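Student: Spelled out from the first residue to the last, the chains are:
Protein chains: 2
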Amino acid sequence: MKLDLLIKNVDIITMDDRNMVIHDGFLGISDGRISYLSQKPPENAAFKKELDGKGMLAMPGLVNTHTHSAMTLMRNYADDIALESWLFDNIFPVEAKLTDKDVYWGTMLGIAEMLRSGVTAFADMYMFMDEVARAVTETGIKANLCKSPVQFFEDGELKRLDKSQGTVDYYNQYHNSAQGRIKVFVEIHSTYMFNERTLANAASLAKQLNTGVHIHLLETTAEVESSKRDYGMTSVEICKKTGVLDVPVLAAHCVHLTDSDLEILKEKGVSVAHNPASNLKLGSGIARIPEMLERGINVCLGTDGAASNNNLNMFEEMNLAALVHKGTAMDPQLMKAATVLKMGTANGAKAIGFEDTGVLAEGMKADIILIDTDKPHFYPKNNPLSTVVYSAQASDVDTVIVDGNILMQNRQFTGIDEEKIKYEVQALSGRLLSR
Amino acid sequence: MKLDLLIKNVDIITMDDRNMVIHDGFLGISDGRISYLSQKPPENAAFKKELDGKGMLAMPGLVNTHTHSAMTLMRNYADDIALESWLFDNIFPVEAKLTDKDVYWGTMLGIAEMLRSGVTAFADMYMFMDEVARAVTETGIKANLCKSPVQFFEDGELKRLDKSQGTVDYYNQYHNSAQGRIKVFVEIHSTYMFNERTLANAASLAKQLNTGVHIHLLETTAEVESSKRDYGMTSVEICKKTGVLDVPVLAAHCVHLTDSDLEILKEKGVSVAHNPASNLKLGSGIARIPEMLERGINVCLGTDGAASNNNLNMFEEMNLAALVHKGTAMDPQLMKAATVLKMGTANGAKAIGFEDTGVLAEGMKADIILIDTDKPHFYPKNNPLSTVVYSAQASDVDTVIVDGNILMQNRQFTGIDEEKIKYEVQALSGRLLSR
Chain E
1 MKLDLLIKNV DIITMDDRNM VIHDGFLGIS DGRISYLSQK PPENAAFKKE
51 LDGKGMLAMP GLVNTHTHSA MTLMRNYADD IALESWLFDN IFPVEAKLTD
101 KDVYWGTMLG IAEMLRSGVT AFADMYMFMD EVARAVTETG IKANLCKSPV
151 QFFEDGELKR LDKSQGTVDY YNQYHNSAQG RIKVFVEIHS TYMFNERTLA
201 NAASLAKQLN TGVHIHLLET TAEVESSKRD YGMTSVEICK KTGVLDVPVL
251 AAHCVHLTDS DLEILKEKGV SVAHNPASNL KLGSGIARIP EMLERGINVC
301 LGTDGAASNN NLNMFEEMNL AALVHKGTAM DPQLMKAATV LKMGTANGAK
351 AIGFEDTGVL AEGMKADIIL IDTDKPHFYP KNNPLSTVVY SAQASDVDTV
401 IVDGNILMQN RQFTGIDEEK IKYEVQALSG RLLSR
Chain C
1 MKLDLLIKNV DIITMDDRNM VIHDGFLGIS DGRISYLSQK PPENAAFKKE
51 LDGKGMLAMP GLVNTHTHSA MTLMRNYADD IALESWLFDN IFPVEAKLTD
101 KDVYWGTMLG IAEMLRSGVT AFADMYMFMD EVARAVTETG IKANLCKSPV
151 QFFEDGELKR LDKSQGTVDY YNQYHNSAQG RIKVFVEIHS TYMFNERTLA
201 NAASLAKQLN TGVHIHLLET TAEVESSKRD YGMTSVEICK KTGVLDVPVL
251 AAHCVHLTDS DLEILKEKGV SVAHNPASNL KLGSGIARIP EMLERGINVC
301 LGTDGAASNN NLNMFEEMNL AALVHKGTAM DPQLMKAATV LKMGTANGAK
351 AIGFEDTGVL AEGMKADIIL IDTDKPHFYP KNNPLSTVVY SAQASDVDTV
401 IVDGNILMQN RQFTGIDEEK IKYEVQALSG RLLSR
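Chains as they are written, first to last, in full-length UniProt numbering: chain E, 1 to 435; chain C, 1 to 435.
Do not take every clue at face value.
[What the hints assert, rightly or not] Computed cross-link-like contacts, DSS-like style, restricted to lysine-lysine with a CA-CA straight-line distance of at most 30 Å:
{"id": "1", "chain 1": "C", "residue 1": "K163", "chain 2": "C", "residue 2": "K49"}
{"id": "2", "chain 1": "E", "residue 1": "K420", "chain 2": "C", "residue 2": "K8"}
{"id": "3", "chain 1": "C", "residue 1": "K163", "chain 2": "E", "residue 2": "K375"}
{"id": "4", "chain 1": "C", "residue 1": "K420", "chain 2": "E", "residue 2": "K375"}
{"id": "5", "chain 1": "E", "residue 1": "K54", "chain 2": "C", "residue 2": "K420"}
Calculated from the structure, these hints are not laboratory results.
These figures come from a predicted structure and were not determined experimentally.
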């Protein structure tokens with residue numbers, strides 16, 4: 001057996017259908033995929049590189065299914081204020097100043113932070129998306145990117161003009177680029193920024209491109225009201241009516257759903273990106289996640305942007321997802337560790353179009369993280385799934401591997417110039433954040 | 001000016017009444033207290049040791065006001081199960097096996113974990129409390145310890161016998177011991193483990209010793225019911241009736257309070273230890289914290305034991321406290337960063353009897369932590385209070401100082417043998433956790 005990389009003596013959380021954990025096992029990687037996984041060492045193996053996983057937990061890389069990476073630029077800039085003021089008085093004025101260069105460095109910062117916290121793939125929705133694709137391509141991480149076919153403003157007026165060609169071009173240029181590490185969806189910002197015509201057009205475009213849609217859906221009660229007013233139905237219903245739900249849909253938030261909305265999401269196979277930190281921090285409310293899971297809806301996790309979080313830490317999101325719903329329902333048996341881990345890995349991978357990752361099994365892409373558990377907060381060693389969800393911190397991630405490539409080892413990046421990223425972001429923040 | 005230690009070029013979160021932050025300032029320490037604090041360097045200063053705080057945030061050490069440190073021994077051992085089964089089928093059987101040695105090593109582990117996450121003082125309620133005092137004395141941390149005057153079982157029967165002399169002896173031996181780093185309260189486990197007579201006796205004892213009481217109060221709806229049944233009133237009301245609230249009270253949880261209970265807590269100056277992670281994880285519910293704060297009740301934070309958390313990470317508690325109440329009340333202006341930081345520091349110090357710490361100001365004890373913010377998740381640098389509550393991880397704590405003594409620097413302990421603690425805990429866990 002010829003291997004590019006062998007990880008030995010490691011406890012392996014596979015996240016397979018049985019939530020199998022292998023103690024003190026071996027993981028072999030060839031051509032970017034997992035080619036060996038066993039409790040026993042491989043026989044007659046030749047390997048180019050070896051990692052000792054003693055004292056480590058190996059698990060699938062985390063998948064952050066909803067973020068706006070470059071909003072790291074507005075981190076800790078506007079907190080503890082009403083949503084309208086947060087958005088209109090603070091965030092929008094900064095975003096109006098953003099250049100392509102700003103978005104590039106903000107995205108690089110977000111990617112550095114995500115890799116450090118064990119994220120191997122993310123879904124991004126923002127502006128200057130060529131810069132986001134560039135950052136993904138350069139860093140080695142995976143991403144689902146999207147581009148809107150609608151231009152909202154022309155001559156300062158809300159016009160909702162179809163600019164489908166830009167989305168087609170973006171799809172053609174980037175979908176499956178970077179050795180397959182980029183997938184492209186069609187962006188539908190939301191039902192309140194689109195209208196019935198543009199929703200239908202975006203749905204057609206996604207169908208024509210044979211891809212999916214990334215949408216903000218029912219994040220706030222304000223959207224509940226606006227949808228009723230503008231469409232005479234819920235946002236889920238207008239999406240169904242316009243064909244949006246006939247393609248793969250990644251729907252962020254889904255905080256305020258009716259029972260009927262839940263049924264539609266289930267029937268249409270929509271994936272829900274749950275963003276507990278952002279929903280709590282902005283006072284948006286608490287999504288009906290346990291009910292979604294009970295119905296079999298594919299629920300995954302996201303951080304949202306750092307301006308409403310204020311980090312891109314998926315360990316915090318897993319911990320929150322596990323705790324908050326137990327507490328509000330007063331039921332400690334809800335949201336078990338295995339369920340939450342699946343939301344953070346396999347469910348997320350499926351939702352953003354990377355079906356061949358999110359589980360450690362032979363044949364899957366080698367998107368793997370190693371967690372260093374030789375620290376007081378991991379002793380004594382017990383249930384590994386509980387350990388990750390309830391005890392771990394993002395900083396416990398020691399090693400990050402994407403498609404078999406080691407992007408971080410012993411908490412050191414192998415190819416990313418983190419000092420330069422921090423310097424550039426700090427340098428440009430003066431101009432952006434002056435009030 | 002003669003200083004034992006000078007910390008220079010550091011951003012200082014004072015947590016004084018104005019929430020003053022000093023950028024690029026200087027902190028001087030003499031005889032265990034803060035003797036200099038300014039934006040300018042001290043003139044003609046002689047100092048024995050100097051720390052460069054460049055890129056660091058200095059703030060008061062965190063105060064964990066409710067934990068059972070040695071329950072680290074049951075970390076990740078029993079999760080996602082109903083409260084009754086968690087307690088009776090899992091925790092109690094392990095606790096029945098505990099020896100004094102187990103509690104010593106479990107507490108040492110807890111202290112190592114707490115120091116690493118910036119905790120400089122904690123309040124503990126458990127068994128073998130001499131061992132807890134020993135661990136506190138050896139490690140250099142501060143603690144409020146308590147001992148129950150009630151022995152619950154004799155010949156296997158629930159008897160609630162007063163053993164006040166043991167509490168008096170414990171108080172006399174340890175209160176203000178370890179150079180004043182230990183305070184002793186009287187333990188009242190709860191109104192359901194005590195009865196009217198033993199509640200009154202414990203209150204008298206606290207009065208006689210001129211000290212306070214540490215109690216679990218209204219953690220669950222089960223206590224609401226049992227109190228109604230046993231006393232014909234709420235737990236808060238029976239505490240008031242029996243004189244418990246006439247001494248300083250540290251009341252853990254307080255999840256299920258009536259409006260009248262809230263008024264009584266306010267009137268009697270009770271301090272409430274909010275334990276959001278544990279309350280959520282065990283499905284106990286969500287305490288009415290914003291209403292308590294509005295009434296001026298002294299609310300502080302705790303982790304509870306690691307068996308229901310599953311760590312002793314006060315950064316997580318601050319983050320949860322800031323997020324959860326915003327989300328449930330759908331109001332992003334609740335629980336602002338400054339409020340939550342005060343809960344984690346000054347309010348906690350006051351609640352557990354260390355009035356001369358929790359704020360960085362001249363004359364206060366030098367209980368200080370330095371947070372290393374030269375990491376991607378802290379860029380760009382903005383509001384320091386938001387930074388700590390919303391972006392930081394426990395692992396960002398670089399340096400911990402208690403009474404002017406450096407217990408950890410550059411994440412290395414100066415006097416604690418962490419390897420031995422991990423080894424001993426792992427070794428004894430086999431016997432304890434075999435089912």
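Student: Next, verify each hint and record whether it holds.
Tutor: Okay, the hints, checked on the actual structure:
no., hint, verdict
1, C/K163 to C/K49, "violated (48 Å)"
2, E/K420 to C/K8, "holds (25 Å)"
3, C/K163 to E/K375, "violated (39 Å)"
4, C/K420 to E/K375, "holds (12 Å)"
5, E/K54 to C/K420, "holds (18 Å)"
In this structure, the earlier hints numbered 1 and 3 are contradicted, and the remaining ones agree with it.
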